[in-house]
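> Residue numbers (our numbering), protein chains in the order written: chain A, 5 to 477; chain B, 5 to 477.
Accuracy of the hints is not assured; some may be wrong.
Intra- or inter-copy, both count: the list cannot distinguish identical chains.
[Said to hold, decoys possible] Simulated pairs of lysine-lysine, DSSO-like, Cα-Cα distance not exceeding 30 Å:
hint, residue 1, residue 2
1, K446, K274
2, K36, K466
3, K231, K36
4, K208, K446
Just so you know, these hints were derived from the structure itself, not from any lab. These numbers were taken from a predicted model, which means no experiment stands behind them.
2 protein chains.
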Amino acid sequence: MAKGLRAVNIGLDDFLSPFRKGGVPCADIDWKPPAQGDSELIDILFNLAVGFRNADGDSLIDIANHTGLRRILAAQPVVRRVRPARELIPDFAENVILHAGPPVKWENMCGPMRGAIVGAVLYEGLAPSEAEAERLLHSGSIACQSNYTLNVVAPMAGAVSRSMPLFLVENETAGNIAYSPLNEGVGHALRFGENHPPVLARLKWLEEVLAPALDRALVGLGGVALKPIMSQALLMGDEMHQRNVAASLAFYRSVATELVDAAESADDLKSIVSFLARENEQFFLNLAMAAAKTAMDTARIIPHSTLITAMNRNGVDFGMHLSATGDRWFTAPSLYPKGLYFPGYTETDANPDMGDSAIVECYGIGGMALGAVPSVTHLVGAGNLMESLEYTVDMNHICIGRDPDLAIPNCDFAGAPTGIDVCRVVATGILPLIISGVAHHKPGVGQVGTGLVTPPMEVMNKALRAFYQTVAG
Amino acid sequence: MAKGLRAVNIGLDDFLSPFRKGGVPCADIDWKPPAQGDSELIDILFNLAVGFRNADGDSLIDIANHTGLRRILAAQPVVRRVRPARELIPDFAENVILHAGPPVKWENMCGPMRGAIVGAVLYEGLAPSEAEAERLLHSGSIACQSNYTLNVVAPMAGAVSRSMPLFLVENETAGNIAYSPLNEGVGHALRFGENHPPVLARLKWLEEVLAPALDRALVGLGGVALKPIMSQALLMGDEMHQRNVAASLAFYRSVATELVDAAESADDLKSIVSFLARENEQFFLNLAMAAAKTAMDTARIIPHSTLITAMNRNGVDFGMHLSATGDRWFTAPSLYPKGLYFPGYTETDANPDMGDSAIVECYGIGGMALGAVPSVTHLVGAGNLMESLEYTVDMNHICIGRDPDLAIPNCDFAGAPTGIDVCRVVATGILPLIISGVAHHKPGVGQVGTGLVTPPMEVMNKALRAFYQTVAG
Chain A
5 MAKGLRAVNI GLDDFLSPFR KGGVPCADID WKPPAQGDSE LIDILFNLAV
55 GFRNADGDSL IDIANHTGLR RILAAQPVVR RVRPARELIP DFAENVILHA
105 GPPVKWENMC GPMRGAIVGA VLYEGLAPSE AEAERLLHSG SIACQSNYTL
155 NVVAPMAGAV SRSMPLFLVE NETAGNIAYS PLNEGVGHAL RFGENHPPVL
205 ARLKWLEEVL APALDRALVG LGGVALKPIM SQALLMGDEM HQRNVAASLA
255 FYRSVATELV DAAESADDLK SIVSFLAREN EQFFLNLAMA AAKTAMDTAR
305 IIPHSTLITA MNRNGVDFGM HLSATGDRWF TAPSLYPKGL YFPGYTETDA
355 NPDMGDSAIV ECYGIGGMAL GAVPSVTHLV GAGNLMESLE YTVDMNHICI
405 GRDPDLAIPN CDFAGAPTGI DVCRVVATGI LPLIISGVAH HKPGVGQVGT
455 GLVTPPMEVM NKALRAFYQT VAG
Chain B
5 MAKGLRAVNI GLDDFLSPFR KGGVPCADID WKPPAQGDSE LIDILFNLAV
55 GFRNADGDSL IDIANHTGLR RILAAQPVVR RVRPARELIP DFAENVILHA
105 GPPVKWENMC GPMRGAIVGA VLYEGLAPSE AEAERLLHSG SIACQSNYTL
155 NVVAPMAGAV SRSMPLFLVE NETAGNIAYS PLNEGVGHAL RFGENHPPVL
205 ARLKWLEEVL APALDRALVG LGGVALKPIM SQALLMGDEM HQRNVAASLA
255 FYRSVATELV DAAESADDLK SIVSFLAREN EQFFLNLAMA AAKTAMDTAR
305 IIPHSTLITA MNRNGVDFGM HLSATGDRWF TAPSLYPKGL YFPGYTETDA
355 NPDMGDSAIV ECYGIGGMAL GAVPSVTHLV GAGNLMESLE YTVDMNHICI
405 GRDPDLAIPN CDFAGAPTGI DVCRVVATGI LPLIISGVAH HKPGVGQVGT
455 GLVTPPMEVM NKALRAFYQT VAG
């Protein structure tokens with residue numbers, strides 16, 4: 005080698021290896037080509053960036069996206085009622101069980117979702133045994149339907165049946181509503197695919213003891229506003245997907261006094277207080293999900309908007325909605341979370357990512373707000389301050405705004421990144437971060453860990469191409 | 005001026021002004037002489053650093069300080085009971101009212117402390133009117149005595165009387181105990197010098213409704229461990245002096261279920277739940293203080309130890325204990341907090357800093373743990389992340405250890421700075437940071453703000469000189 009030769013590389017660092025072997029000093033610049041170097045996507049992004057202007061020369065896409073963002077930021081979700089699903093949703097047919105994520109047939113469902121669906125069938129008394137439940141599901145006598153068809157969001161397997169109590173959350177600003185079931189708590193749970201008797205017994209307790217009391221308390225209060233709770237919880241180390249300690253306590257304290265009269269007996273009250281104040285630190289998750297859905301739904305179906313209005317997973321596929329393309333699902337295989345496994349479990353036990361819960365990331369919390377919570381990055385990564393800040397810096401690259409009412413103290417009170425723009429995701433290659441529980445891939449085993457996951461890049465590319473076809477005609 | 009002249013200055017930047025005026029480029033190095041440039045103090049620090057060795061050549065001071073630190077870190081404070089002061093403390097004489105800070109006579113007390121003492125006299129029924137209470141206090145028929153004489157800590161004016169319920173906190177490790185009254189909550193409060201009927205009525209409610217129920221709940225539980233609550237609260241944005249939102253909720257949830265049976269009626273239960281879960285976000289402060297005292301008392305009276313074992317203020321003087329010198333108070337005039345004033349008030353309304361609450365800073369929380377809480381520095385300063393981290397970096401310079409069980413997420417889970425060494429304070433000129441409420445200087449007005457304050461440097465110098473006389477004498 006010539007004396008004094010030095011090499012600088014941009015992009016794939018493999019190119020440097022012959023130089024390194026030859027002892028040449030090498031500098032490596034971390035760079036990725038835009039849009040994964042895909043010339044079709046680059047063309048689309050270019051055309052979208054320069055075209056689609058109004059008479060004043062303003063970008064129709066920017067205008068549409070900021071219309072969506074304004075509506076998202078203006079949302080004031082309030083939880084008003086807790087009532088059985090069959091009462092809130094007249095369209096909920098008697099032989100239907102709902103599931104998380106984009107539509108998927110029983111035959112194609114992953115193990116934990118099958119376990120949860122069977123559990124819901126047993127809970128409803130639609131079958132006397134697991135085997136009979138599976139037979140009815142296989143024959144189609146009992147049908148499975150995506151939560152989104154009935155305006156419901158539910159975490160993990162997301163199995164929802166007619167007798168289950170649902171939160172009714174109303175966005176006071178726009179008047180739209182969304183539903184979510186009550187969070188069952190940690191440990192053995194239907195949402196992780198478990199369906200043995202103690203799991204079903206807890207669901208019955210939710211239905212018969214907690215829900216009626218909570219409903220009376222909420223009616224007495226005229227509802228509880230959820231955004232102030234989310235604001236406060238972000239100051240207290242929750243990102244409201246993996247960690248809901250502060251938000252759950254803050255919600256409980258909102259109804260604590262009213263529950264004294266709302267509970268039917270002192271024993272009921274004690275079990276309710278124990279559950280809400282002590283046992284279930286994830287209780288707020290389902291409220292955050294329904295709240296986020298009421299906000300995100302106001303940004304649905306805005307022509308020219310490239311905002312991502314829903315993200316979910318059925319344990320096989322990841323599903324996504326774009327604003328402009330309305331209820332059309334874009335899907336691609338769901339990825340495996342990377343993170344922390346419970347003792348005795350490894351990545352080989354994991355099911356691909358699952359649940360409607362990524363609606364909170366659409367809204368700017370969860371993985372989007374990791375800058376607020378070094379204690380959560382601690383679970384899923386190095387867990388130092390800089391790492392948690394870097395996550396949120398990255399998320400700002402793919403969002404069109406920040407929510408000043410979701411201030412992150414560690415970002416000097418800048419708002420959480422909100423309004424994920426699929427163009428920015430494809431252009432930068434930065435994918436939204438989602439914090440997720442990990443279910444065992446077999447039905448009936450339950451939760452095996454917690455981790456960080458992203459949508460598959462393919463779903464973003466598909467959505468962008470479809471959007472372009474729509475607007476370019 | 006000669007061409008090319010440049011000036012570098014170390015220390016007081018006044019020296020540079022003639023050069024600046026003459027257009028000379030100046031560099032200013034931020035430097036302070038050690039020990040305020042006081043040659044006597046420098047000699048003492050030098051002698052302490054090189055002398056006082058055992059046969060192995062190890063520093064007796066280091067050994068003593070680390071003995072103290074180990075005991076402080078090992079403390080496991082548990083709140084066991086809530087009982088009337090007269091029952092817990094047989095030495096509490098019938099004509100005595102306790103006050104915060106180092107001993108001070110009625111004649112020399114500041115306005116808000118007088119207001120609080122009069123309130124306590126009225127609450128006890130020792131006088132029928134303010135005027136009569138003042139007459140009895142002036143004549144000495146009613147005597148004032150420092151909380152520390154009876155092993156009590158209380159915030160702000162710290163007025164404690166015989167009928168008031170006190171927490172009994174036991175350090176399970178060493179078996180020692182400390183007491184604190186129940187926190188009254190925000191708004192009008194005796195501790196800020198107010199004594200009108202609603203303030204006294206709330207004190208009666210604490211005595212008659214809350215305390216008996218809380219005592220029954222605690223007895224049923226066998227006590228509630230306080231350190232796990234403090235650990236958790238540090239992860240949730242509390243530093244446990246100015247902000248106790250998470251800690252108060254975490255304490256409440258520890259007793260929430262037991263309170264259902266412990267309260268005498270549904271109405272009592274509702275008022276208790278409202279108070280603990282909703283109204284009083286500072287409830288945990290007094291528990292943190294008693295817990296800190298049980299930890300710090302284990303480091304009392306260790307020969308050769310230069311650890312600061314107590315800091316308090318009576319609104320006139322700041323008081324301090326060093327380990328080696330036991331119960332001897334070192335005092336100097338208390339300073340004025342700098343911070344945020346409530347609308348309509350300014351620094352001219354403030355009383356000098358007051359209360360026993362700085363015991364929490366001795367223990368490593370409060371102002372010592374500001375790195376955990378940008379949302380608190382927001383109240384008292386620029387409130388950005390770097391500022392909050394700098395505070396804790398500074399505090400590490402004057403502490404001999406960190407408490408791994410009081411991990412600060414923003415410091416990558418390093419423990420809170422613990423074990424303030426008076427030698428380090430005098431040598432560096434860095435004073436412990438104390439977060440404090442600000443009382444109006446007139447009796448009866450109440451709280452006017454919240455701020456950050458330090459001990460007067462003079463008290464540190466006095467304590468160091470006295471320590472040196474003790475060990476060298």
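> All the hints need checking, so say for each whether the structure fits it.
We went through each hint and held it up to the structure:
| no. | hint | result |
| --- | --- | --- |
| 1 | K446 <-> K274 | neither (35 Å within a copy, 46 Å between copies) |
| 2 | K36 <-> K466 | within (20 Å within a copy, 63 Å between copies) |
| 3 | K231 <-> K36 | neither (37 Å within a copy, 48 Å between copies) |
| 4 | K208 <-> K446 | within (24 Å within a copy, 59 Å between copies) |
Comparing the model with each earlier hint shows violations of hints 1, 3; every other hint is respected.
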